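K.L.:
Sequence:
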Amino acid sequence: MIKDYYANVNVRARMLEFLGGNSPDNVTSVYITADDCSADVRFAPRSPRSLWQYLDKGLDLGRSLWDHRSLIAHLDIEYVNFDSPAYPYLEPLRCFDLQRPVVHAIQEVLFGYGITPLHLLSGRGHHFAWQIDRRSPAFESLAKIGRFPDSLVAKYAQLSTATSERVDSRLGAAFAGLGLVMEFVTHRVLEASVSQCAVPVMVTAVEAGPGVRGREVVSIDLSEYGDPLHTRGIRVPFSTYLKPYQQRWLLGDVVDALPLMFMIPLHENDDRQGLFAMRDVGQVIELAQGGSVQIPDQSLATESLIAEYNQSKLAHWHDYFYSAQHDPCDTWPRTYDRTPLKSLPPCARCILEHPNERLLKPAGIQHVVRILLAVGWHPRHIAGLIRSKYERDFGWGGKWYYYDAATRADFYVRLFAGLSATGHDDLVDLNCRSCQEKRYCPGGWCSDNLLGFRDRLLARRDKGEARFLDSKKAIADSPSQHED
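Each residue of the sequence shown is one higher than the last, beginning at 2 in the working numbering.
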């Protein structure tokens, strides 16, 4: 059935549109990905010229965010249940109903700038995508504000073994700038949706305390902006959605009862209509006969978004973040390695002492960021400390060969510290009970009360300390001197 489905001329035409061309030989997507039902899903870029071969095999297709002509902007929203991972597939109507306030907020924010994205529906949530022409003023503005570490500059300069291409330095800078602007968009979405949503809205999949159906959240996933551009992609519309089968190890045998699903565009349909359509191959084929799924060029409209970001409180805070630098690697034995962890509460100390995989999880990073901010660390040095853990031998394997430790650390610390500094994180869950509910408390008795750290961090924010801190002093101070 899948082979016949993928042979449909309209399905193939729509997929090529999304890849940026009308044949596998002229698409603008630098590479594609193709995965089967195996749990061993790895970063394996493939030539777009092999597209028909992978369709004949019925694989789950993706495209690179890396594009020859444009910068691809992408927002990913999904329902996550940490206690019942299969829940969004078993009760999709409720899970998508929960996301609706966030989806509406995204649409209102983007439409307010004149941005009309392509809206896609996947098995767990929504995707919004648009492109920014690399010859446009918007692209130049993003390249101007984008900042990333020297380690990523070096990775971009390397010849990709899969594509025999390098990421242009201006494109890398623009992608970094886009990440800053997407944080701003997310702040605006939070302002419009949090009070309307029945479950916590988290930026990236951060665990929340349990509710009626376990620890469930709506996640605004910005994680792609914490990795090199050439390592991230997005599923192609009209592709089979094989994620449940790839996660059989997590979901269990329930996947055997699930209908086959497809990534689809919404167009004029609402999400409830889309949920039924994406599970019916006949309706998916009908959708493929209709509207285009070419990623729309929204370069001009994006200019107004960038202009408003540049005048925002968040942009000023980003300047503060980048006013300091990570300590040089050769000084770590005298700086980050000598961080007095015994002065930290056990829940934070445990994450830093046993970082794999605690320091890969957004909630683990968020907890460390909050605690170190509370005791006076500059956020860029928090990122430097986390980077130092990533670059030590904690059994990371080849992870940091493909990704970039400094970029990942900077991104998550900037994200969580920025939410706190701008008042979008009220720290309501920075307490011992919530830490236990999230399962980040190592157990046993301790004399620390996280409410004390919460009060200290709120006091710092109320004083506006971050905005007025002398950045030169912050750079000169050693990390251990960032504690009260």
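Honestly, the hints are just simulated from the structure, not real lab data.
Fair warning: this is a prediction, and the values are worked out from it, not measured in the lab.
A few of these clues could be false.
[Claimed, not checked] Straight-line distance between alpha carbons at most 25 angstroms, and here's what the computed PhoX-like set of lysine-lysine pairs gives: (1) 343 with 244; (2) 244 with 145; (3) 464 with 362; (4) 145 with 314; (5) 314 with 244; (6) 343 with 362; (7) 244 with 58; (8) 244 with 4; (9) 400 with 362.
K.L.:
Would you check the hint for residue 343 and residue 244, treating anything up to 25 angstroms between C-alpha atoms as holding?
P.N.:
Roughly 42 angstroms between the alpha carbons, so the hint for residue 343 and residue 244 is violated.
K.L.:
Mind checking the alpha carbons of residue 464 and residue 362 for me, to see if they're no more than 25 angstroms apart?
P.N.:
30 angstroms, violated
K.L.:
Sort out whether residue 145 lies within 25 angstroms of residue 244, counting only the CA atoms.
P.N.:
Violated, because 37 angstroms separates the two Cα atoms, which is more than 25 angstroms.
K.L.:
Hinted pair, alpha-carbon criterion (25 angstroms max): residue 244, residue 4. Please report holds or violated.
P.N.:
18 angstroms, holds
K.L.:
Starting from residue 244, check that the Cα of residue 58 is at most 25 angstroms away, please.
P.N.:
Given that 25 angstroms is the threshold and the Cα spacing comes to 16 angstroms, the pair holds.
K.L.:
Between residue 314 and residue 244, does the CA-CA distance stay at or below 25 angstroms?
P.N.:
38 angstroms, violated
K.L.:
Are the Cα atoms of residue 400 and residue 362 separated by 25 angstroms or less?
P.N.:
Given that 25 angstroms is the threshold and the Cα spacing comes to 14 angstroms, the pair holds.
K.L.:
For the pair supplied as a hint, residue 145 and residue 314, confirm whether the alpha-carbon distance does not exceed 25 angstroms.
P.N.:
18 angstroms, holds
K.L.:
When you check the alpha-carbon spacing of residue 343 and residue 362, does it fall within 25 angstroms?
P.N.:
22 angstroms, holds
Checked against the numbered hints listed earlier, the structure breaks hints 1, 2, 3 and 5; every other hint is satisfied.
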